[in-house]
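Trainee: Okay, here's what each chain looks like letter by letter:
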Amino acid sequence: DTAVSQTPKYLVTQMGNDKSIKCEQNLGHDTMYWYKQDSKKFLKIMFSYNNKELIINETVPNRFSPKSPDKAHLNLHINSLELGDSAVYFCASSTPLRTGPYGYTFGSGTRLTVV
Amino acid sequence: GQQLNQSPQSMFIQEGEDVSMNCTSSSIFNTWLWYKQDPGEGPVLLIALYKAGELTSNGRLTAQFGITRKDSFLNISASIPSDVGIYFCAGRRQGNQGGKLIFGQGTELSVKP
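Going down the list, the protein sequences come from chains A and B.
Using the numbering used here, you'd call the opening residue of the first sequence number 1 and step up by one each time.
Using the numbering used here, you'd call the opening residue of the second sequence number 1 and step up by one each time.
Do not rely on the hints blindly, as some may be mistaken.
[To be verified] Calculated cross-link-like contacts (lysine-lysine; reagent style DSS-like; alpha-carbon spacing at most 25 Å):
| hint | chain 1 | residue 1 | chain 2 | residue 2 |
| --- | --- | --- | --- | --- |
| 1 | A | 71 | A | 9 |
| 2 | A | 52 | A | 9 |
| 3 | A | 36 | A | 67 |
| 4 | A | 36 | A | 19 |
| 5 | A | 41 | A | 52 |
| 6 | A | 41 | B | 112 |
| 7 | B | 70 | B | 51 |
| 8 | A | 19 | A | 71 |
| 9 | A | 71 | A | 41 |
| 10 | B | 51 | A | 40 |
| 11 | B | 70 | A | 44 |
| 12 | A | 9 | A | 22 |
| 13 | A | 9 | A | 41 |
| 14 | B | 70 | A | 41 |
| 15 | A | 40 | B | 112 |
[Stated by the list, open to error] A few chain B residues that face chain A, going by a derived Cβ cut-off under 7 Å, partial list only:
| hint | residue |
| --- | --- |
| 16 | 38 |
| 17 | 39 |
| 18 | 43 |
| 19 | 99 |
| 20 | 100 |
| 21 | 103 |
| 22 | 106 |
Honestly, the hints are just simulated from the structure, not real lab data.
Every value quoted in this text rests on a predicted model; they were computed, and no experiment measured them.
Idealized CB from N, CA, C, for every residue including glycine.
With the rest of the complex left out, here is chain B (with noise of 0.2 Å):
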């Protein structure tokens, strides 16, 4: 099945730095998530993105919708211990019937105090 490609897999960081990380896809899609993941829980939804270029902030999380609509990515500024989890892209492409939505491998996040 289609997979949206999630970059890095691994991210192992200072508390403090900022982060990033992207999604590409070969496919249009017509809404961007992204979650995160704690262990033994389910991906919670952090930004939604609806239109191609629109940027969405949510505390220091910022993430932003490319403007091909194949891709988009998500920094996370003056990262903190409880940022570790697993990020998750996830797109809805276009005429999608039944709310389908397809996600990245994951990006795990370590962050050492």
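The following block holds chain A by itself, in its conformation from the complex (with noise of 0.2 Å):
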């Protein structure tokens, strides 16, 4: 019943390590994103992609690769982990902005501990 789901929920690493986040959506949606969340609740756009084609690359570190191998999934890749990639990290997904409602859902985060 998920709209957006994304695994795991919670990923606590060490430095170094690569690690990946998993992103589904059911609702049909041709768009997909991932955000990251400070420690001061920011919000922050990181990629966008729509169907399957990278849009948005907002000036993320290299080490952050997202792959999207349908419009359904859209994943993110971490390599190298830092400690300052602590973050929680939401994958998303909308409708094309046309008239009437607009969906834009996010999935239940990622809090990603990097010690």
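Quick one: dock chain against chain with the hints and give me the complex.
Mentor: As structure tokens, this is what we get:
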């Protein structure tokens, strides 16, 4: 039933490791995103994909590599994790902005802690 | 990066009171969204606004798209304990490719029973 689901919900790992977060949406949306929420709760976009094509890369370090195997999935791989990568990462998906209800739905987040 | 200026940052109110919060920007937006985030969860869309001057309600929540297209406000009437959480405004700029939302800093609401 979950509209945008991401796994895992919690991820604790050591500096220097490589990790992945997975996201899937069953809403039929064309566009998917990764957002980062820092310790002050500020939300900032990282990437946007439309039908598997990268649209936005918001000056994110090269250690972050998104991959979209199909329009329902958008995964995030992070290499050589650093302490500063600790944050909550949200996946989201949206409909095109047309007239009528605008669906822009977030997953429940992955709390990444780098130690 | 660009931010929306959201105020107040936090509010401590008594159950039953009304609440107002607002967002302003130096840029024009063509869509304003208001979200609520509960602890450990993602933001949940409350209200979406598409036209300047638009006033939209969702139960006890009312939001307006400012006439200048540079601001929006959210009112919550007769607050209840379950209104506790962080409220975010978010805007989408005209001509935006890729659906990027720009978020305010959030308003943390506490409701005392």
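Trainee: Compare the structure with each hint and give your call.
Mentor: Against the structure, the hints come out as follows:
1. Restraint check: the Cα-Cα separation between residue 71 of chain A and residue 9 of chain A comes to about 22 Å, which is no more than 25 Å; the hinted pair holds.
2. Of the pairs offered as hints, the one joining residue 52 of chain A and residue 9 of chain A holds, with about 24 Å between alpha carbons and a cut-off of 25 Å not exceeded.
3. For the hint linking residue 36 of chain A to residue 67 of chain A, the alpha-carbon distance of about 16 Å falls within 25 Å, and the restraint holds.
4. Taking the CA atoms of residue 36 of chain A and residue 19 of chain A, the gap is about 16 Å. The hint holds against a cut of 25 Å.
5. Taking the CA atoms of residue 41 of chain A and residue 52 of chain A, the gap is near 28 Å; set against the 25 Å cutoff, the hint is violated.
6. For a cut-off of 25 Å, the pair hint linking residue 41 of chain A to residue 112 of chain B stands: about 22 Å separates their Cα positions.
7. With a CA separation close to 12 Å, the supplied pair residue 70 of chain B and residue 51 of chain B stays within the 25 Å bound.
8. For the given pair, residue 19 of chain A sits about 22 Å from residue 71 of chain A by alpha-carbon distance, which is consistent with the 25 Å threshold.
9. Only pairs whose Cα atoms come within 25 Å are accepted, and residue 71 of chain A paired with residue 41 of chain A is rejected, the gap being roughly 28 Å.
10. With a C-alpha separation of about 31 Å, the suggested pairing of residue 51 of chain B with residue 40 of chain A is violated against the 25 Å cut-off.
11. In summary, the hint linking residue 70 of chain B to residue 44 of chain A is supported, as the alpha carbons are separated by about 19 Å, within the 25 Å threshold.
12. Restraint check: the Cα-Cα separation between residue 9 of chain A and residue 22 of chain A comes to about 10 Å, which is no more than 25 Å; the hinted pair holds.
13. Of the pairs offered as hints, the one joining residue 9 of chain A and residue 41 of chain A holds, with about 17 Å between alpha carbons and a cut-off of 25 Å not exceeded.
14. Restraint check for residue 70 of chain B and residue 41 of chain A: the C-alpha separation of about 23 Å stays at or below 25 Å, so the hint holds.
15. For the given pair, residue 40 of chain A sits about 23 Å from residue 112 of chain B by alpha-carbon distance, which is consistent with the 25 Å threshold.
16. Residue-level restraint check for residue 38 of chain B is violated (minimum Cβ-Cβ distance to chain A is 10 Å; threshold 7 Å).
17. For residue 39 of chain B, the interface hint is violated, the least distance from its beta-carbon to any beta-carbon of chain A being 11 Å, above 7 Å.
18. The interface hint given for residue 43 of chain B holds, since its Cβ lies 5 Å from the closest Cβ of chain A, which is under the 7 Å cut-off.
19. Here the hint on residue 99 of chain B is kept, as its CB sits about 5 Å from the closest CB of chain A, short of 7 Å.
20. Because the beta carbon of residue 100 of chain B sits about 5 Å from the nearest beta carbon in chain A, less than 7 Å, this interface hint is met.
21. For the restraint placing residue 103 of chain B at the interface with chain A, the shortest Cβ-Cβ distance is roughly 4 Å, inside the 7 Å limit, so the hint holds.
22. Using the Cβ-Cβ criterion of 7 Å, the hint placing residue 106 of chain B at the interface with chain A is satisfied: the shortest such distance is roughly 5 Å.
The structure fails to meet hints 5, 9, 10, 16, 17 from the earlier list, while all remaining hints are met.
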